[in-house]
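In order, the protein sequences belong to chains A and B.
Counting with the UniProt record's numbering, you get residues 1 to 347 for the letters of the first sequence.
Counting with the UniProt record's numbering, you get residues 1 to 336 for the letters of the second sequence.
Think of the hints as simulated: they come from the structure by calculation, not from any bench.
Glycine included, each C-beta is placed from N, C-alpha and C at the ideal position.
Careful, some of the hints might be misleading.
Said to hold, decoys possible - Computed list of lysine-lysine pairs in BS3-like fashion (alpha-carbon distance at most 27 Å, straight line):
| id | chain 1 | residue 1 | chain 2 | residue 2 |
| --- | --- | --- | --- | --- |
| 1 | A | Lys313 | B | Lys110 |
| 2 | B | Lys111 | A | Lys313 |
| 3 | A | Lys313 | B | Lys105 |
| 4 | A | Lys313 | B | Lys102 |
| 5 | A | Lys313 | A | Lys326 |
To be verified - Which bits of chain B does chain A cover? Going by a derived footprint, with three or more residues having C-beta under 8 Å, they are:
| id | stretch |
| --- | --- |
| 6 | 57 to 71 |
| 7 | 74 to 80 |
| 8 | 85 to 91 |
| 9 | 94 to 106 |
| 10 | 123 to 132 |
| 11 | 144 to 150 |
Chain by chain, the residues:
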Amino acid sequence: MSTTSVARPVGDSPPVDGAGPAATPRAGEDPSSPHGIPAHDTGAGLTVVPRRNPWTWVGVVAVLILVAMFVNGLATNPGWDWPTFAQYFATETIIRALGTTIQLTVLGTIAGFALGVVLAAMRLSHNAFLRTVAWAYIWAFRSIPLIVQLLFWFNIAYLYQTISFGLPFGPSFGSVQTNDLFGALGAAVLGLALHQAAYAAEIIRGGILSVDEGQREAAAALGIPRHRQFFRIVLPQAMRSILPNAANEVISLFKGTSIVSVLAIPELFYQVQVIYGRNSRVVPLLLVATVWYIILTTLLTIGQYYVERHFAKGSARALPPTPVQKVRARWAGLALRARRETAEVAR
Amino acid sequence: MITVTAARKHYGSFLALDDVDIDIPSGSLTALLGPSGSGKSTLLRAIAGLEGLDGGTVTIDGRDVTAEPPQRRGIGFVFQHYAAFKHMTVRDNVAFGLTIRKRPKAEIAKKVDDLLEIVGLDGFQHRYPAQLSGGQRQRMALARALAVDPQVLLLDEPFGALDAKVRTDLRQWLRRLHDEVHVTTVLVTHDQEEALDVADRIAVLNHGRIEQVGDPVTLYERPANDFVMGFLGSVATLGGQLVRPHDIVLDRDRTTALALDAKVADSPGVITATVERVVPLGFEVRIDLRADSGERFAAQITRRDAAELGLHEGETIHARATSRSTVVDHDPALAI
Ligand SMILES: Nc1ncnc2c1ncn2[C@@H]1O[C@H](COP(=O)(O)OP(=O)(O)O)[C@@H](O)[C@H]1O
Ligand SMILES: [Mg+2]
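Turn these sequences into a full structure, and let the hints guide you.
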C-alpha cells in the first residue's frame, strides 16, 4: 500500500473506491464522493475520506443475495431446458423470423414517422380544416386497439374487393385485387404505421412547440427562408425532446410486432409459437424469443444514447462523456494513482 | 433611410401604434426611447416585418417593404432575450446567414473572422452559446446580424438583460462599432441615459405615439412637452413650470435674485421657500424646498455653492430658474 497515511474518521470504512486521482486533491477542484461530501486535505498529509452509511451495505448485500439466487435458479433449474434453448437459438427459421420482425419494425417506423411529421405539421398549421383533420386522425387511431386495427386491415378485401387507380369519381386507369395489394405483411405494415403515426405526430408536435418562438424569429430576421428556418433551426433543437420519446416508440413498436402473430406472419414470436406448438417445449422457446428481444432492444438503446448525445450539443455547458470515455478516464486515474504510489514507495 | 408613415397597430382593442410617422436617416444611430409598454418594440418589429401593421407603410432605402416578410427586408435584428442558435457554435451562428446564402467558403471564413475580431470574440469560435456570458452572447448576436451586410440594424433592448456595469461598457462599445461600420441603426431602450449616451437621434414614444424626435441636446434643452422633459431627466415644478433641478439658483438676498430676474422675459419669477432637507449626493447637494404656496420642489447645486450658502433646515431662501434653463409650461394632461 501507499506510504501516505490515510486518516479515517470513526469506523472501518475503506477509502472511497474510484476516488483515484482524488487521493490528493488540488485546491479549487472538489472531487465529490458518491455521497456528495468532498474529500479534503487536512494539511498534515492526511486525506479524509467520507464515511459510508452502514445501511448502504445492508442494501447492497440483500440485492446481491437475490441476484445470486436468481442466477443460480437459471443455471440449475432443469425447467429452463438450456440445451433446447441452445438448439433453437440460432436456427435458420428463428433468424429468418427475426429478419421479418426487424423488417416490420423498420418499415413501421419509417412510414409511421413520415406520416407523423405530416400530421404534426397539419396540427400546427394555420388552417383550421387541416388542424381538425389531423386532430381527428390522432383521436381515432389512438382509440382503436392495434390488434383490432390489424385484423381490420387484414380483412379489408372483404369490404373492397378491388382498388382502382384513377380520378376521384372519374375514369379509372386500372385496378388491382385488394388481396394482391394487401398481403398479410402489407396489412401488418399498414396497421403498425398508421398506429405509430398517431403517436409520432404528438411527439413531434410537442418537440416543435418546445423550441422557443424567438429562434424562428431570429432566423427570419437573418433572411432565412421559411422551410430552412424549420429544417435548420427548429427541427434540430426539437430533436432533443423528440428523440427520447421517439426511441421509446421504436422500442415498443419493435416488441409490438409480436401482436402481428395474429395475422400468421412468420415473425419471431409467431415462429416460436409454431415450434413449441409442435414440440411442447414452451419455456426454452419463449426464452429464445426473450433473449433476441433483449439483444435488439439493447442495441437500439446504445444507438439512442449516441444519437441523443449528438443532438444535445450546445444545450449544456459540457457534453456528458460517452461510456468509453468514462472507462478511459477511470483507467487513466487508476494508472496515475498506481504510478504515484510506486514513486512514493521507491522514495 | 427608413421611413415609417402612418403606422397603426392594434392588439385586440388596444392601440399599440397610433399613426406613427418617423424618418430614420441613413447612417444614423437612432434610439427609440419610452417607458415600458409605449410601443417601442412594436414599432421596431414592424420595421423588421416580424409584426404586421394594420395601416401605414414602411420603406427601407426607398423600397416599400410593407408587404415583405422579414427575410426579404435586408435587416439585422438583435433581440433582448438571447436568440442564439443553441445547437450551433459561435462560428456557425455568425456564419449561418452566409452559409444559407451559399457564399464561397473562403469568403465566409474571412468575413466571420473579421466580425469575431470586431466584436472581441476571436478565440471563442468553437464554443456553444451556452458556454458564453450574457455580454459575449449579445456581441455574438450582433456579429451574426452584421454578417449578412444588412441595410439596417435593429436592436431591441440588446443590453437590457445584462448587469449595469456590462451594460455601460457595451453601449460605449456599440457607439464605437457604429462609428466604424456606419450601418443605419435603430436602438430600442427605456433607459434615457443609454439613449443620451449612444444615439445621435432620439425619438421619444409614449402610448404608441411619437412625442418628439431630435438630437440629444435639443431634446434635453428644448423638450416639446412635459412628458419628454420628464423622461429625459429629473424635473422640479417651480411656480407652475417644469425646470431641471440643477437650473435653479438659490439666494439668501432677494434683490440679487431679482436682478437676475430682470434679464429674462419669460421667467417664472422668484419664489420664496423654506428649506426642508439638505441631502449631500456626492458632487452635488440636493435641497428639498417648500414654496410659500405649499408646493414642494428640489434644487440641485454644487457642493461648493452649498458650502457658500451654508443652508440649514427650516431657513427661508429665494429660488428662481436660471436664464439658460429649460422651462416648459406645465400641462397636467401630459403629466407622467
Ligand atoms: N402580442 C401582443 N398581444 C397583445 N398585446 C401586446 C402584444 N405585444 C405587445 N402588446 C402590448 O402592446 C403595448 C406595446 O408593447 P411593446 O411594443 O412591447 O412595448 P415596449 O415599448 O415596452 O417595447 C404593450 O402595452 C403591450 O402589452
Ligand atoms: Mg420592448
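### Task
Kindly indicate which numbered hints from before are broken by the structure, ordering the numbers from low to high.
Checked against the structure, no hint fails, so every one of them is satisfied.
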